[in-house]
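Sequences and hints are given; from them, build the entire structure.
Residue numbers (the working numbering), protein chains in the order written: chain A, 739 to 849; chain B, 51 to 162.
Where hints are given, some of them may not hold.
[Stated by the list, open to error] Ranges of calculated distance between the beta carbons of each label pair, as one might list FRET restraints: (1) A/Q819 with B/Q68: 21 to 27 Å; (2) A/Q848 with B/P120: 30 to 36 Å; (3) A/K798 with B/T64: 31 to 37 Å; (4) B/T55 with A/K790: 18 to 24 Å; (5) A/E814 with B/G108: 41 to 47 Å; (6) A/T758 with B/H60: 34 to 40 Å.
[Said to hold, decoys possible] To be clear about the criterion: a stretch of chain A counts as covered by chain B if any three or more of its residues have a C-beta under 8 Å from a C-beta of chain B, and this derived list gives those stretches: (7) 776 to 784; (8) 835 to 842.
[What the hints assert, rightly or not] Here are a few chain B residues that face chain A, going by a calculated C-beta distance under 8 Å: (9) L89; (10) R105; (11) N106; (12) F110; (13) P112; (14) F114; (15) H152; (16) G154; (17) D155.
No wet-lab data here; the hints were simulated from the structure.
Just so it is clear, CB atoms sit at the ideal spot from N, CA and C, and this is done for glycine as well.
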Amino acid sequence: GDSVTQMEGPVTLSEEAFLTINCTYTATGYPSLFWYVQYPGEGLQLLLKATKADDKGSNKGFEATYRKETTSFHLEKGSVQVSDSAVYFCAFYTGRRALTFGSGTRLQVQP
Amino acid sequence: EAGVTQSPTHLIKTRGQQATLRCSPISGHTSVYWYQQALGLGLQFLLWYDEGEERNRGNFPPRFSGRQFPNYSSELNVNALELEDSALYLCASSLDSNQPQHFGDGTRLSIL
Chain A
739 GDSVTQMEGP VTLSEEAFLT INCTYTATGY PSLFWYVQYP GEGLQLLLKA TKADDKGSNK
799 GFEATYRKET TSFHLEKGSV QVSDSAVYFC AFYTGRRALT FGSGTRLQVQ P
Chain B
51 EAGVTQSPTH LIKTRGQQAT LRCSPISGHT SVYWYQQALG LGLQFLLWYD EGEERNRGNF
111 PPRFSGRQFP NYSSELNVNA LELEDSALYL CASSLDSNQP QHFGDGTRLS IL
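Next up, the structure:
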């Protein structure tokens, strides 16, 4: 069935380090892909999206490229800040508008 | 532009009671979605409403129900509450198909 696999957390980095959070999906066809971020005590915020193969979504220094051949949508940022500490969720639309989420990856950035 | 708003922020109930959670979508959005974020279970799709009708339902028992009003706001009702219903319930809205869903800050439901 449809599913999203994310790397286990927590991921602990020092400020200004390079970030990669891996995400692979299993789905029928080529769904739209999303990254959401959840800060402590808050709901989900859309971080970026890609709607077709080879699309690159980007926002606030974060990037992810829709790779059809590897069914992946890895999240990257060149230089993380303490304020990026949050839980990151990879997701895609299954049928009839239901979002399927990965289990989330907690990022902790230390000064 | 105001985002998705949910009320109440916290709700404490006991087993067997009923809970009602409310959601107002972003202005102009006609679709409303409900998700459950329970500890250890991750985010799970509950319900999708559009133009006042239930369009899709996740793998949840019938005691989870809801409705959408003419102004597109929505209610989620959970009857016969069980301990495992303790979770953060997130509401989202979107403009139309393939557009991203935008989430509220959630209602934390605690069952004692």
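Hints versus structure:
A hinted range of 21 to 27 Å is violated for the C-beta pair A/Q819 and B/Q68, which are about 44 Å apart. Here the CB-CB span from A/Q848 to B/P120 is close to 50 Å, at odds with the stated 30 to 36 Å. Judged by the Cβ atoms, the range 31 to 37 Å given for A/K798 and B/T64 is violated: they are separated by roughly 42 Å. Checking the proposed 18 to 24 Å range against B/T55 and A/K790 shows it is violated: the Cβ atoms sit about 32 Å from each other.
The hint said 41 to 47 Å for the Cβ distance between A/E814 and B/G108, and at roughly 31 Å that hint is violated. About 36 Å separates the C-beta atoms of A/T758 and B/H60, a value consistent with the hinted range of 34 to 40 Å. Interface restraint, the stretch 776 to 784 of chain A with chain B: holds (6 residues with C-beta to C-beta distance below 8 Å; minimum three). Counting residues of the stretch 835 to 842 of chain A whose CB lies closer than 8 Å to any CB of chain B gives 8, which reaches the minimum of 3, so the coverage claim holds.
Given hint, B/L89 at the interface with chain A, is violated; its Cβ is 12 Å from that chain's nearest Cβ, farther than 8 Å. With a least beta-carbon distance of about 6 Å to chain A, the hint placing B/R105 at the interface is held under the 8 Å criterion. Interface restraint check: B/N106 against chain A, minimum CB-CB distance 4 Å, threshold 8 Å, status holds. Taking 8 Å as the C-beta contact cut-off toward chain A, the hint placing B/F110 at the interface is violated, the least distance being around 12 Å.
A hinted interface residue such as B/P112 counts as satisfied when its beta carbon comes closer than 8 Å to some beta carbon of chain A; here the least separation is about 18 Å, so the hint is violated. The criterion of a C-beta within 8 Å of any C-beta in chain A is not met by B/F114, whose closest approach is roughly 14 Å, and the hint is violated. For B/H152, the interface hint holds, since its Cβ comes within 8 Å of a Cβ in chain A; the closest pair sits about 6 Å apart. The interface hint given for B/G154 holds, since its Cβ lies 5 Å from the closest Cβ of chain A, which is under the 8 Å cut-off.
Using the Cβ-Cβ criterion of 8 Å, the hint placing B/D155 at the interface with chain A is satisfied: the shortest such distance is roughly 4 Å.
Checked against the numbered hints above, the structure violates hints 1, 2, 3, 4, 5, 9, 12, 13, 14; every other hint is satisfied.
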